[in-house]
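These are the residues of each chain, in order.
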Amino acid sequence: MAKSGAKAQEKVYVLLNGRIIGHISEPEAFANEIRQGRRNGVISGEVNISYDAKLNEIHINADRGRVRKPYIIVENSKSKFTKEIQDRLEKKEIDFNYLTRNGIVEFLDAEEEENALVAFTENDITDKTTHLEIDPAGIYGFSVNSSPFPENNAGPRVLTTANYLKQAQGLYASNFNVRYDSRAHLLFYPQKPMITTTAYESAGMAKRASGQNFIVASTTYYGYNMLDAIVVNKAAVDRGLGRSMFYKTYTDEERRYAGGQKDIFKIPAATSEGYLGEHAYSKLGEDGVIEPEFEVEEGDVLIGKTAPPRFLEENLGAGGIEAKTRDDSSVLKAGDKGVVDSAIFTETTGATRVVKVRIRSLKIPEVGDKFASRHGQKGVIALIVPEEDMPFTESGIIPDLLFNPEGTPSRMTQGHLLEMLGAKAVGLTGIRADGTPFAASGRKRMEEYEKVLDSHGYDKYGEETLYDGITGRPFKAKLFTGIAYYMKLYRMSSNLLQVRSRGSVQILTHQPTEGKARQGGLRFGEMERDVLVAYGASLLLKERMLDQSDKAQVYICTECGSTAYYDYAKHISICPICHSNKSVTMEISYAFKLLLDEIKSLHIDPSISISR
Amino acid sequence: MSAKKENLQINPGEPVGAIAAQSIGEPGTQMVLRTFHFAGIASAVTTGLPRVTELLDAKKVPAGPLITIYLNSEAKNNFAKAEEITKKISEIKASEIVRRAVENFSKGKITLIVNEQALKAVEMTSRQLAGIIKSKFSVDTDIDEEGNIEISAHTKKLREIRELAVKIMKSTVRGIEGAGRAMISQDQKTKEFFVMSAGTNVKDIMELEGVDKSRIYSNDVFEMNRIFGIEAARNGLIRELLKTFEDQGISISVRHLQLIADGMTFSGVIKGNSRRGIIADKESVFARAAFEETVKHLINAAAFGEQDRLNGVTENILIGKQIPLGTGSIKLAVKSGKEAKPKEGKEGKESKEK
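Protein sequence lines correspond, in order, to chains A and B. Here the numbering used here is used: the first residue of the first sequence is 1, the next is one more, and so on. Here the numbering used here is used: the first residue of the second sequence is 1, the next is one more, and so on.
With the rest of the complex left out, here is chain A:
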């Protein structure tokens, strides 16, 4: 096509990879010609062209980094992927590459998609349709596609599911034993879900599953599963349900410093600066690294290391005496606990030695651990009930998990119910069911499962009479019972738990530190303060803001009102301003003392006048 603007109509600029290369006058025809060329194999299939009518520009992109998606081409309201081609594909006479090369399938990037009208199914094709989805499930990404029945759930729930899938514990890699991930979770008995999807199977997810099939009863349990809490069967936990291993790797390196000095892996000498005491190093081997299978707790040294002193002068003291060193050992962090799994020596490219120590700790489900199904239904264990106290069915089946039915109506997760029903049917037939999105309508699927349940003598709606484990009496209502695939998410209470009664304070303000890593407290903030003010609890407020925070005793000179100090040798207080010995002690917040000091640094003299 000629790139001339001879007609002098409206100029349409053509941009190749973002740069203007010329202009044309008939954009639609031009774009179609490029597309035809691409389909005929004259132009590379990696070229995408789009006409933006708003900007009145043509964008041709052939550079890297564009996300592209394959579509079946539709011409004259007819799909190019005909029955004949399908047969040949099934007979393996042709492959996918044949389709792309022969103008049956093409890849569109995000920009060209704006020019296309894609039909969802073949029946939706109209005379304006340009492309056809290869599979209706193609509108979802992988995460959503690997959960069953997403089309039956509310949109936000589908998105949360996609998020939870990424947090699930499972068999994350089959070479986990030789890997030193800084943090890793390994589920003990991963199971393949009873209802899978095409995407799940074809990606091989079933071979490294990340969840287990839980027997679920949809009921409350003495208020213990209110608001997204779940109740779990203790016997099931004892049998290994939701059991996992947590691996954490500590790494340290023998760094080299200017002046030829370097770190050394060894048990530090008692004379080194910051020595933690003999006991702390008792689990280390001769090489300074902890031995495998030692049980370790908070404060234990894992890697003994000495470093040269921070300032060179320290080392230049009296000649002949052993050089001073600094203890720079790696200590197990606050809240960590476990067994040393393995320790290895390795090297960096800079030929410095590196030690990696892997700690393993068993994580048996406990109160506070988070679980989620594949329908955005998360829950935290609130109670682990002995088997005998759990409700049971007529046939003696005791559910693993009690799911509060209140969570369903407001969230509109019909897919969760469908999965429970379907998986129950799968459990009876032994034939895995398919939950690929849009593969069948929800009603059709439901009818199918109902038929199976009915033929096996179960209630076709999945409801069963349950008996209270404590009283033995049957519940008045029949309860919806089934099987759902639950994932154990990596947020476990044992890794998140933190308490403090007393501890370290910040140097500047003398207030307690913040954050788990620093053994910090929880901030009693402005709004919390207002609550105590409004309640009139003045002494409680003072305790929070002063006694439990940054209380400081300050001497105030009664003569001039400035801060004085106490001379312990002479047992008198001295005012540095007026040299008076008369003073009183005051309890004020350190933050206020700091404020006074900072005001003084501005050459302003604050004074405190004491009455009486």
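The set of hints was computed from the structure by calculation and includes no laboratory data. Note that beta-carbon positions come from the ideal geometry of N, C-alpha and C, so glycine has one too. Check before you lean on any hint, since a few could be wrong.
[What the hints assert, rightly or not] Heads up, incomplete: computed chain B residues facing chain A, CB under 8 Å, no partners named:
| # | residue |
| --- | --- |
| 1 | Ile19 |
| 2 | Gln22 |
| 3 | Val313 |
| 4 | Gly320 |
| 5 | Gln322 |
| 6 | Gly326 |
Assemble chain B onto chain A, guided by the hints.
Only chain B this time, still in chain A's reference frame:
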């Protein structure tokens, strides 16, 4: 009855301010920015959180002013009369009925191209419009065959002609200046007619015949203050706040709003809950510095040698003393003789001098 009365009494030292603030703040978090759309004039009125901020910060110019004008006994049940009053109030600006003003600088003339449809909608003619402009700006006017108005400006200075054109376009040609568009409404219960106007200028509206002066109400609290005084402004504040919360389905005890309105108006002028309003009136240096503009307050305190007598809440928390509220509001009146010797003078006064 007396037991109930005793129950309702507030105890000495009760932090009523903090309770009021929390009682408004907590439901305030649930307020939605989504505004309900009403038909007519009321749709221009701001609602929800923006309106609450506007009231509490005491913004001088409200975003959606609205005057409710009740009519006297003669007009309130007479639609024709009510409509007549509405027409008298409703403000029409020249720019609404004139398409554009074409200036002819060489002849010193301005031609107003009239929008005939708009003119018809407000039941006016070009002649009437020309008359109004003539008397208002003391210029000569003429009407051509298309109904457009030609104005002789009596000057040939470019600047003056341009200024005159702009002035004419901005001028009010009918109704009360600043009153805004008025609309007639009917009360659901009493079936009486009243007028709602999306403007300010209560003063001129009051002077109209047929208007019930005793019931006129503006949602602009500053206007209420200007015309009816501070007590009216206080009541207006309470009423507006209460209405804004109730529109969102939030019920707050009116006592909390009364307290806040009292705090905002007791000085005789309306002061907002901001660093320039009631916070600036705080006695304590520390309390002011703790709110906003810390450095400014500390520097001023140093320059003027201010004293902080530590009577408030914020400053006592800051230095670590028991607050003088609630359980901390009780003090010993007399100390017995034996213990009279001062142990530790905890009563601190803070002064700053340069």
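**Message:** Tell me the numbers of any earlier hints that the structure contravenes, in ascending order.
**Reply:** none
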